[in-house]
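> Each chain, letter by letter, is given below.
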Amino acid sequence: MPRKMTINMGPQHPSTHGVLRVILELEGENVVGSDMEVGLLHRGIEKLAESMTYQQIVTLTDRLDYVTSMTNNITYVMAVEKLLGIEIPPRGEYIRTLIAEMQRVVNHMMFVGIYAMDLGAITPVFQTFRDREIILDLFEMISGARLTYSFFRVGGMREEIPQEFFDKTKDFNDKLLGMIAEYETLLTRNRIFRARNIGVGVVSKEYAINCGLTGPVLRASGVPYDLRKAKPYLMYDKMDFEIAVGDNGDCYDRYLVRIKELKESQKIIAQCLEQMPSGASNCEDYKKYKIPKPFKVPAGEVYFSTECPKGELGFYIISDGTKSPYRIKINSPSYINTAALSGMIEGALIADVVATIASLDIVLGELDK
Amino acid sequence: MKKENLKNMNDIGAAEALKKHFPSAVESAELVNHEAVVYVRKDDIKKVLAYLKEKVGFEYLFSITGVDYPDRTPRFDIVYHLKTLEHPLQLTIKVKVEEGTDVDSVYDIFKSANWCEREAYDMVGVPFKGHPNMTRLFMWEGFEGYPLRKDFPLYTEDK
Amino acid sequence: MEVILGIAIILIKILTIFGVTMFIAGWTTWVERKIIGDMQFRVGVERTGPYGLMQPMADGLKLFFKESIVPDGCDRVTYELAPVLALVPAIMSIAIVPFAGSADSFKIFGQTPFIAANINIGILFLFAWSSLSPYGMIFAGWSSNNKYSLLGALRSAALVISYEIPFGFSIIGILMIVGSLNLIDIVNAQGSYHWFIYRQPVAALVFFISIVAETNRPPFDLSEAESELVAGYFTEYAGMRFSLFFLGEYIMLFVISSMFTVFFLGGWHGPFISYDVVNNTWVQAIPGIGILWFVIKSYFIVFVYMWLRASLPRIRYDQMMSFCWKVLLPLSILNIFTTALLNLDKL
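Chains as they are written, first to last, in this note's numbering: chain A, 13 to 381; chain B, 1295 to 1453; chain C, 386 to 732.
It should be emphasised that the hints constitute simulated quantities derived from the structure, not laboratory data.
Be aware that a few hints might be false.
[To be verified] Here are the computed lysine-lysine pairs in the DSS-like style, where the Cα-Cα straight-line distance is at most 25 Å: (1) K59/A to K1390/B; (2) K335/A to K305/A; (3) K94/A to K299/A; (4) K217/A to K59/A; (5) K217/A to K1444/B; (6) K308/A to K1444/B; (7) K1301/B to K217/A; (8) K243/A to K275/A.
Next comes chain A alone, as it looks inside the complex (with noise of 0.2 Å):
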C-alpha cells in the first residue's frame, strides 16, 4: 500500500499563474486527487460595483483580467448600452471590433510565451514579448496606459482615435503571420513539445459541455461555439473568419486552436482596416454620458457577454433605476474553466498539471474576482 503524499502547489508557485492554490495528492509523482483554494485575490468587486457609478465602474473591469482589458471593457460597456438601449454608430462598432480583436492577438501571443515556458522552454516568451509589446505601445498611443486601458466608456469611447494608430495597425498587421510562423517554429513540431502535450489534460466533449468550459478549452474539445458566430454582436456577422475546433481537447489542441484563432484574427484585424467607415464613433447624445456626472439607467435586468480571449465573459446587471447597479455578476471564463481542473489531472504528473494549468489559459484576478 503505497503511502499518499500532499502538496502544495501554490500560492507561491512559479506556474500557478498567480495565486492559484492547488493540493495535490501524490502517490509518488501520480495525482491521485486534488483540491483547489481560490479567493486569495479576491478584491470584492462585485460589492465595489454596487457603490459606483455605471462609468466608473470601467475601471474596475480593467482589472479582471488584465491581459485583456479592452474586451473587459467592450463587454461591460455593451451590456450597459443594451440596459440603456444604446446604439452605437457604424465606425464605432468597427473600431470596438478591431481593438477586441488585437487584444485576442495580445493574450494569445501571452498564451504562446508563458505556455512555453512553463513547459520549460525560455526562449518563445521573449519573442511574444517583444512582438506583443507592439500592441501594447499601440494601446498606449490611444489611452496612455500599457494594461489598464479604460478606454471604452458607456456610449462610446474616451477619445477619438488618430488615423496614425490604423497606419501603424496596419503596419503590425502584415507582419503577424511572419511572428506567428517564427513562433510555430520553435514549438509546433518540437518533438519534445509534441510529447509534453499530446494526451495530456484530455477533457471529453460531454464533460467539456457539462462543466460550462468556455473559450479555446471548449473548442479544443471539439465544440465548434463560439460567440462570434453564435450570437454576432458587433460586426462579426460582416467578418469572414472561421471557429478554430480541435479533436481530442488535450493540451496540445488546446495550443493548437489559439494559433488558429491568432491567424483568424489577423485576417478579422485586416478586415476592419480595410472595411473601417468614417463619421462618429460615439452614439449621438453622448454628452449625457460623460464623466463626471452620472447617469441613470433604467430598472430591469440584462445578461450580456462576448468572447473574449479566454472565453465567454459575461456581465449580469439588475438595475434599479438609480446610478449605480443594484447588482452586477460577473461571469468569468477563468473561474469556470479552472473549476473543471481537478477532472481534468486525475491521474496525471506533476508535470502534466502544470502544462494543464497553463494551458487553461488562466488569470487570476479574473478567477477571485
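Since the structure of chain A is already known, use the hints to place chains B and C on it.
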C-alpha cells in the same frame, strides 16, 4: 417543448413553452428588457433543470447568482443562466428563497454548478442541499457575514 | 632533488589546472548569460564591469556574504554534507582533463603532459566520480525536509540509473578500437583528423545525450525543473551552500564537455599536425597551441549546451526514462556489436 422546435423559437418562446409544460412548477415567464426570465418554485428547480438539460437541450449552465432583496419576502433570488450550444437561446431561471432555508443543489446534473453554488453560498449565504462540499469559495473559513448581502457594510472602521 | 622537483611540478600543475578551471567555470555563467541573452533578443549582463564581465565575481561575493539559511526540521549533517558531495566529484574529475599532450606542454622540467593525473584508468576514474555526483542531489533533497526537494531528489535518482548505462556503453566502442583506458592514448589514436565523431557517430550521439542528462542541463533538467518543482533538490539552499551546487554544476559542465572533446573531437589536436616518430607522438604546427584547440573545442560543446537550453522545452521524467532504456541503451549496444564486427582484426 421539444428539441426539434428550438430552432424556430426565441428566448421568450422557450420560456413560455416551459411554462406550458410545467404549469404548476413555473410561476411566471416574462421578458425583462431582453432577457427571458422564468420564476420557478423552489422545490421544483431540480426537476425543471433536469428536464431542460435532458429533454430540451439546455445543456450549458454557466452562471449561478445570488441576489439579495432585503425588503422582500422571500428575501433572496437564486438566478440560473442556461443556454443551448446549438441555437442562440438563453434562459434566466430564478428561484425565490427565504432566509434560513436552502435550495436543492443541481451539482449532479451540471458539474459546472460546483463552484457556482459555492460562490452563491459564500456571497449571499443561501446553502445548497446535496452539494458535496458546501464551503466558502472566495472568503476564508471563519469569515463572518455574507459580503453581497445588502446589509453587509462596504466600509468598516479600523479597529 | 629529483623527488622534490617532481612534487613541485605536480603541485604547480594541480594549482594551475585547478585555478584555471575554477576561473573558467565561474565565467562560463557569464558566457551563458550573454549567449542566451543574444538568442533571446536581450543584451544579457552588462552593468558590472565592461560587458558585464565582473558579474560572476559580484554574484560570488553576494552569495558569499549572504546568510545561509538552514530550514527547520532538516537533517543537519546530511544537509551540510550535500553541497560538498555535489562539488567534490566535479573537482576530482578535473584531475584527468588532458588539456594538452606532452609535446605541447612546458619543457622546463622535461616533457610532461598538461594533465594533473595521467592515470591509466582515466575513463573509469571519470565514470566513478561522475556517478557520485547524484548523491549530492539525493542527500540535499532528502535532508531539506521539503517535498519539492524530495521529488527532485527522487527524479535525479531515477534518472541516474537510466542514463549511466548508455553513458558507459557508448564509450566501449572507442575502447575496443584504441585498446586503452588512458585519455592521452585515446586522443593520440585520433590523430589529426581521424576523429571518433565520424568513426563512431552513434556513440557520439548517445554519449552527448547522456552527458546532457549527466550535468542536469535542459532539456533534461528534471531534478531542478523550476516550473514544476520550484528549484528541485536545492530549493532550501541559500548563500554559500547554494553556490557550491552552482559551481559544481558549471565545473562538471566544462569537464564533461572536455571529455566529449577527448573522446570524439580529437582532444588538443588541431589541423596540420605531424607525427614525430622519434618520440612516438604527434606534434602541433605551432608549439603550445594545443591548449587553445582544446579549449575551443570544449567550448563549442558548452555552446551547444546553451543552445539546447535556449531552444527546447523540458522533457517529462517518465519519457526521459523510457527514452534512455528503449532508445539509447539498444543503440549503444548495437554500436558495440557493429564496432566489434568492423574491427575483428584488432581483437
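> Hint by hint, where does the structure go against what was stated? Just the numbers, ascending.
Violated: hints 4, 5.
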